[in-house]
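Hints are included, so try docking the two chains, each in its own frame, into the full complex.
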Amino acid sequence: MKAMQKYFLKAVIAVSLLVGACTQLETFDEIDKVEYGAEYAIPLINTQISIDELLEDFEENSTLFVDPDGTLRFLYKGNVISQNSDEVFAPFYETLETFSIIPLFSPDQALPLYDESGLEIQRIDIKQGQFIYYFRNPHPERVEVTITLPQVTKDGEALSFTGSIPPYSGEGDEPFTTNLFAAADITEYEVNPDASGNIQITYFAQGQETGESLLLPSAYVSFQDVLFAYAEGFFANQLYPGGSDTIHIDFFENWTQGEVYFEEPKVNFYVENSFGIPTQAIVKTFDVTTVREEVLSIESELVDAGINFNYPTLEEIGQTKETAFTFDKNNSNIDQLLGAGPISLFYDVDILTSPGSDTDEPGFITDSSFYRVNVEVELPLFGNARNFIAQDTFAIDFSGYGDVTAAEFKLVTDNDIPLAVDVQGYFRGERGIILDSLFNQPERVAKAAPVDTQGFVTETTTHTAFADFADERFKPIKAAKQLLIVASFSTTNDGEIPVRVLGNQSVDLRIGAKLKVER
Amino acid sequence: MLRYKFAFILIGFGVLPLAAQQDLSTPFYQNLWQANRTNPAFMPEHKFVIGLPGIYNNLFVENITYNDLIVERDGQNIVDVDQGIASLDRDNLLRENLDLETISLGFKRGNFLISIGHTLRYNAYANYPKTLPQLIWQGNAQFIDQNVAFGPDLQLNAYHEYGLGLAYQVGSKLSIGAKAKYLSGVADVSTSRNDLRLSTSDDVYQLELDADFLVNSSGALQYDGFDQLDLDFSFGQVETEQLFSSNTGWAFDLGVHLDLGKLDIGISALDIGGQIDWQEDVRNYSLQGQFEYQGLNVAESILDSQTDLGNAIDTLREIYNPIETQQGYSTELPLRTYLTLGYDLTQKIRLGALFYTESYRDETYGALALNGQWALHPFLTVGATYAYRQQRFDNFGLQAIAKVGPVQVVAATDNIFTVIQPKDSHSANFRVGLNLLFNKAQEEDWNQRESFFE
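Protein sequence lines, in the order shown, are assigned to chains E and U. Every position in the first sequence, counted from 1, becomes a number in the working numbering once 7 is added. Every position in the second sequence, counted from 1, becomes a number in the working numbering once 427 is added.
If we strip away everything but chain U, and leave its shape as in the complex, we get (with noise of 0.2 Å):
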């Protein structure tokens, strides 16, 4: 069941129910409390918020879908590897963000806003070349007489992270923001290295692993033998004894919002310097040199009745058993950057633009998103989201915020197709969330605003 585990990380990761950083629909409506998460200088409109438990969840997984990797046949559910492993690229990227938005609190005094909050926050980062999977489940036979390239770079991690946040409103136009954020890691799995080279020989398959793979962990991954891999990380299995843990770090995110009238620009920089040390439970697995296997030597015993050729592969496993140590390490935290635009049309509706970037393990990815959004009631507001990420344009997310009293909830989606056609996206998006509103400042008059085109 372990290797089980491990192949749905590797190649269906992304078909679980999960959830990613690229907010791409909270940054337009800055009023929501959870814009604040994504631009520390966005100010509620009223003067004292409750952040209900919530989930923001986003994924991304490149070139396969659930319905590449399970098909149903004669009434059973099956894990098709083969037809899993033809949709794969040459390297294939999975992304996966599960935030769970357990309470937080926003007081506004003056010009001032102050927040706390708690999150536990799940990251995972998978980027595998197609050969991984090919050697582990078709073989090396196909790749005789070649060198191949297996090695994953992979991350996945959880951790609580807490926020205070300090919001200053600079005259009537500006605001500033800034959010601390201290992290205690639950649990970690990641590789530093991950240089994993296998040439099979054409004359009877002898093997030379050229590694330089280290993979690193915290309280999640023991290696016990070559059948013996314990990967202990569930995502949304929270331990309550890991709030405060020795894996500590900080993050911290800026922010600026201005308030042209009709016009507003946001930037945000999120989870600067966020890094993680991880200090508890840990063991670190390194293959590094060539590891030659040619096969047993057995003049000895070549006469021997009792030779035995299973000792071959009881050598194989010896050869390439990695060196465990328990150095501790660091890993660092997406860093996140958002341009948000908005322009209000009328006083029902408003139109926005994003430009998003993440940098991550020595990667930059970008996104694009564009947005309207309708107050259709002084209770409900609704949105439309197109994206552009990942390469891929098929992103038309929805949004909508309720308000009842001093109750709001907001529901939104980066992917409604995901919700149409689950089996065959490549990205899930949503974010649930509860607030309680109180003491909404007094609101200004729309046909008062500036018109940042006049």
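Just chain E, with the same shape it has in the complex (with noise of 0.2 Å):
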């Protein structure tokens, strides 16, 4: 039965159907085509921009400082080059191991600690060591030897050894005294060279039977594993290898043309210094490498005269003191080499102990003294630009498109900034070839803000621009991958005047678009 209702009711509904302005559904159902063309504004981006995020962003190798009166400046910071005192005791523990084994031609030797010209070395403390001596008796009758130091003493006792040698009886070897299998430690022992830098080492050597002093033809004496705590004296003139390294700037990374200004560009040296010496800087080269492949070194009277740093004195042994000089464009070119794109900075730095010797005070070296200089760059935002041109490429995809035929994007700048910016695109396919470029000729698409005389902004600046695309252009460039924009700033008045780009100041962007659909 409820088969038969169903039935039923679709035979009523079909004749229904057929009573009816059948025709008409008929003609429905032989639609070729829905033609419609409609144009729809939507909102794309409405986005605010400060410049403290966006340069955030844009520089990876630097550090963004705010200062006090609100202008940015980029920190570009050099790896650390430091010494410490291993490379002034060099010569000595050179000389050490030189003469590691010391003949003693007769009683009373000097040996030279050092030969270095300006060094004059007052007192040495042995942080650790061991003294040996080997002396061998020709004589027929037995030795008593004394080996004596007189320069190198511990709480006021010089370092001297006694030994008694049997005599020889003229066959065989001869009998000697050493401490070879007992080295001395001289920890602590304290060593005063004479003005020539020498310590004296005397032996006396009387026989037992006649009373006479004698000579020992075979006496040596050694050194071993020595190390200095603390040196004093006179360091003039040593010239000691700083260090070099390369600071890169990729502010520029994406520039292609044009030019920055930067007003108050700086390049500051930092040195920490624990060398009781005075001392000072040699920059061996300061070059600095632009975008244009040119090399451009520093000019300036602290190149010239060498940099002075500052030292503790004899009361201050073990403190640090701190020396900052700074490369600004009063005492140097630095503007001109920082405002010609500079890409990367190398400097070669090297240092020269008491440069000159004409000072009554001695200095002093311990194990621990070092130094270190810290380079940094800075690149504060307050100068001009004319037609600084960067660009960069965007992965676009027009696939959501659908059915647009045409489009319209209006772009418009609530700028607070003081750079205006001129944008072209260029939209590229499948292998980066170019189908068409954004606008006709470069467009302004934000208008800096006015400044006043200390390059601070005034007002808010409003710019709108349009970037039409009718039918006939639209269409290529559904198939875009790519848009390569290449933007152009230029500071207010177009880089007649220093401007100052502040942290809290951004630019509002927004961009809406107009798009065509037919069917």
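Don't read these hints as lab results, they were simulated from the structure. Worth double-checking, as some hints may not be accurate.
Think about it this way: if two alpha-carbon atoms lie no more than 20 Å apart in a straight line, the pair counts; the simulated DMTMM-like pairs of lysine to aspartate or glutamate are [said to hold, decoys possible]:
| hint | chain 1 | residue 1 | chain 2 | residue 2 |
| --- | --- | --- | --- | --- |
| 1 | E | Lys84 | E | Glu271 |
| 2 | E | Lys40 | U | Asp507 |
| 3 | E | Lys523 | U | Asp507 |
Negatives, chain U to chain E, calculated, CB over 10 Å [what the hints assert, rightly or not]:
| hint | residue |
| --- | --- |
| 4 | Asn538 |
| 5 | Arg624 |
| 6 | Gly700 |
| 7 | Trp801 |
| 8 | Leu863 |
Just so it is clear, CB atoms sit at the ideal spot from N, CA and C, and this is done for glycine as well.
If you want it as structure tokens, here you go:
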């Protein structure tokens, strides 16, 4: 019965439709096409881009600082150059290693500790070391020998040893005395070389039968594993290699052309020094490589004269003294160097101790003495730019635009950054082939905010730009995969006056589109 | 294809072969069994009547016709949306009713008439502003710096109606009738709030949607995303499983017929208190509040080479995503009233007048009709109707009732122009029906009838 109802109803419906205006229904079924032309207006982007957010992403190698007046500055840091006392003590150790076994040709012999002009060491404290002596007796009587190093003392007592050597029988090896197998520990001994850098080694050998003073032709001493804890004296005109480094500046990474002039660029040297010696930094090389592949050298009186470090005095042993010196536009041509589009800064610095040796004050070195040199490049965003052009590539995808046949993009900026931006873009298809440009001519998309005499922005500017892609232009670019944006930046008044870029400055960027759809 | 369906519903629904409840012909033929549907106090001449399947359809489409929307070009039928929209007015009404009268029975005993019957009824109502199709198919660019209201007021539903009627002859001149109708809902899509306003800024076209919109659906509409609107509502296609559903309601008809000899007067009110409570497969989609879309905030990724402006469209879709709930709801049926006057000019010629009102969705619509009918032959009666409705005067209808033996056939239309020029018509109306009539009551001598004017 239920099935009959179903069929009955269906029959009724079928009859009904036949009786009705079936012709029109059939026509609906035969519709071949739906035609319409629509234009939809939608917002695409509405965002605020602040300078500090923008630049944090923009720069990878630098740190962004904000000055008290709000001015932003990029800080590029080089690697730390450091040196310790090993370099200074090295000549002494070399001397001791060179003369590992010292023959004593006379009972009173000088041992030169160093042979460096300008050095005058008055005191050395030994941190560790051993002293070995060796005497042979060629005489037919027993000999008692005493060896003394009067300038090597501990608690006022000179380093001294006494030994007894049996008489020589005339046959076989000569008898000897030595502490070779129980070397004397000279840790914490103090060495006071004379003005020539020598220490005296004396021995007195006395025949036990005759009571006479004898010579021992086979007499040797040796210093083993000696390390110094402290040295005091004069270290005049000693030149030590400091080190070199390259600072990479990626501010201009996307640069293609144009000029940027930083009003107050700086290169800062920060030195920490615990050597108790008057020391000077000698800038051997300070070259800037520019985006145009030029290599420019710094010119400065500081470079010519050298830069003196602060150092601790004898009363300040163990302290570290800091020194800062800065290359700026007042003492160098640094503004020209950094205004030329620098991409790297190479510097090579040597260290000269007690330059000119005109001091009466002795200096000192401890085994923990060091100096460290930090170099920083500061680029404060205070200056002017003219047609500073950068470019970057963005991936784009119009696949979601389906039936869109034409588009008009509208870009509105409310700018309180003193930078004007002109943009041209190029749509690239597969393999980077350029399909079309964004504008017929490079188009200003943001007007620079005006500034006062100090370079501070006085008001926000609004600018509107359009990019029209009529039917014939839009169709080809729907295949685009990349958009190459070439942006030209100029500061207020086309770069004629210096401006300050502050962290709280921002630009409100809004983009909308009218999209035409036709079917 | 779903979009097309939606488009046709909004713009071209009226050109489909459908019908309406503004029946301005049938009430003039009060002895016709179908007339009892317009006034339960109308009694047939026969004591036993079987109403076989019939159709009643009435359609009205304001401002737009088939030819406004569809053009033939190069041998192709093309929906010219722009041309269709151009013909629209600020607000545009669409009414459509289709009654599939399956079967009915009438027993007349003494002064009583008892009737039962089943009808499957479809009802479509759309009152939509021109701005709606403009926004959809022409875009919002034309409304930059404007606040545009575009919310449509919609109702589409289908339901089974089971009627049990009783009429009583009070004396020789007056008859009264009532009918109780049990309603079983098949499907419904209707808006209960329809305030939608869109502003497009002249800056970079920021959008603001001010919405207080709620569309309810029972077994018809499913929204799964911006591009996934599934409207499953087809006029004339019936699921027999829905004969008795959980979507239930009641409606009542009342009528009076006063026979003053050659003059008679009928008054009726139909679908009084008519309401259906929709419970099956209910979905409610609402948008309420202000939805702003300013564009993507891409400050964090402005230098990200992977920034995709296509995301803006995706975000736009997410913002305007409606909230879905499953709360049962009710819809009301239009309340219809008839006032009919008939006058027997001669034994074979009868004149009539009719005033009709319909109250629906806070609006009341009226219609006025004049009728003349001529009994050409004992087996054939023909008639003509002229009506004014929906502010249009071009409503000229024809009716024919034929009877062979116990079989009675009726065919009627309120607007013959629909048949002649269907593609240029704003309305379409017809009735076809088939009745079996048995045991005719003794016919009154016409000459013995009192004349009201004498």
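U:Trp801: least C-beta distance to chain E exceeds 10 Å? The claim stands: U:Trp801 keeps its Cβ more than 10 Å from every Cβ of chain E (closest is about 24 Å).
Status of U:Leu863, Cβ more than 10 Å from any chain E Cβ: Given a closest Cβ separation of 16 Å, the condition holds.
Restraint check for E:Lys40 with U:Asp507, where alpha carbons must lie at most 20 Å apart: Answer holds: E:Lys40 to U:Asp507 is near 9 Å, not above 20 Å.
Is the Cβ of U:Arg624 more than 10 Å away from each Cβ in chain E? holds (16 Å)
Just to be careful, I want the Cα atoms of E:Lys84 and E:Glu271 compared with a cutoff of 20 Å; is the pair within it? At roughly 17 Å apart (the allowed maximum being 20 Å), E:Glu271 and E:Lys84 satisfy the hint.
Find the nearest Cβ of chain E to the Cβ of U:Asn538 and say whether that gap is larger than 10 Å. holds (33 Å)
Non-interface claim for U:Gly700: all C-beta distances to chain E beyond 10 Å? holds (28 Å)
Pairwise hint evaluation, U:Asp507 against E:Lys523, where the allowed Cα distance is 20 Å at most: Holds, because 17 Å separates the two Cα atoms, which is no more than 20 Å.
Hint check: no violations occur; every hint is consistent with the structure.
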